[in-house]
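Sequences and hints are given; from them, build the entire structure.
Residues in the sequence shown are numbered consecutively from 30, following our numbering.
Everything labelled a hint here was simulated from the structure, so no lab data went into it. Be aware that one or more of the hints could be misleading.
[As the list claims (entries may be wrong)] Pairwise CB distance ranges, derived in the manner of DEER restraints:
id, residue 1, residue 2, range
1, R48, R146, 36 to 44 angstroms
2, G44, P132, 17 to 25 angstroms
3, R85, R48, 18 to 26 angstroms
4, L111, D136, 13 to 21 angstroms
5, D60, R146, 18 to 26 angstroms
6, Q147, A58, 35 to 43 angstroms
7, Q31, E126, 29 to 37 angstroms
8, R96, A30, 26 to 34 angstroms
9, T143, L80, 43 to 51 angstroms
Cβ atoms here follow ideal geometry from the backbone N, Cα and C, with glycine treated the same way.
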Amino acid sequence: AQASLYLVRLAYAAGEIERALEEARRALAIDERLTEAWEYQGLAADALGDLEEARRSLEEAIARDPRRAATHNNLGSVYYRLGLYEQAERAFERALELDPGLPGARDNLDAARTARRQAGGGAPGQP
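This is the structure we're talking about:
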């Protein structure tokens, strides 16, 4: 499983996104506990335009390790593009709680709040 995870990292870093997705799936078939493989599967699916698979994979990564700020930020970006602005806000807020200096997270949170307001939503948790 670790060898497959290594191949995921290499493929993703080289921009071979489809191969990275295949390797992430292979790693997870061997050991579904590999949080990093779930995250890479989500990132690769996102890059290939499959936002639903990206959402499911990143949610699984967070369920397995909720302390990864970047994963919350990545999931927030997927939620945002799915039009799930309140969920995006919560994900970005959690990312900033875990890492207040996480690059891009503050801007992402501001964008999600603006989008929620423009979509007619009130404060988070209000109709």
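Hints versus structure:
1. For the pair R48 and R146, the beta carbons lie near 40 angstroms from each other, so the given range of 36 to 44 angstroms is met.
2. Remark: the range hint 17 to 25 angstroms for G44 to P132 is upheld by a beta-carbon distance near 20 angstroms.
3. Checked against the given bound of 18 to 26 angstroms, the beta carbons of R85 and R48, roughly 20 angstroms apart, stay inside it.
4. Roughly 19 angstroms separates the CB atoms of L111 and D136, a value that falls within the hinted 13 to 21 angstroms.
5. Remark: the range hint 18 to 26 angstroms for D60 to R146 is contradicted by a beta-carbon distance near 43 angstroms.
6. At about 42 angstroms, the beta-carbon gap between Q147 and A58 stays in the expected band of 35 to 43 angstroms.
7. Look at Q31 against E126: about 30 angstroms separates their beta carbons, and that is inside 29 to 37 angstroms.
8. Separated by about 21 angstroms at the C-beta atoms, R96 and A30 break the suggested range of 26 to 34 angstroms.
9. Remark: the range hint 43 to 51 angstroms for T143 to L80 is contradicted by a beta-carbon distance near 20 angstroms.
Going down the numbered hints, you'll see the structure goes against 5, 8 and 9, while the others check out.
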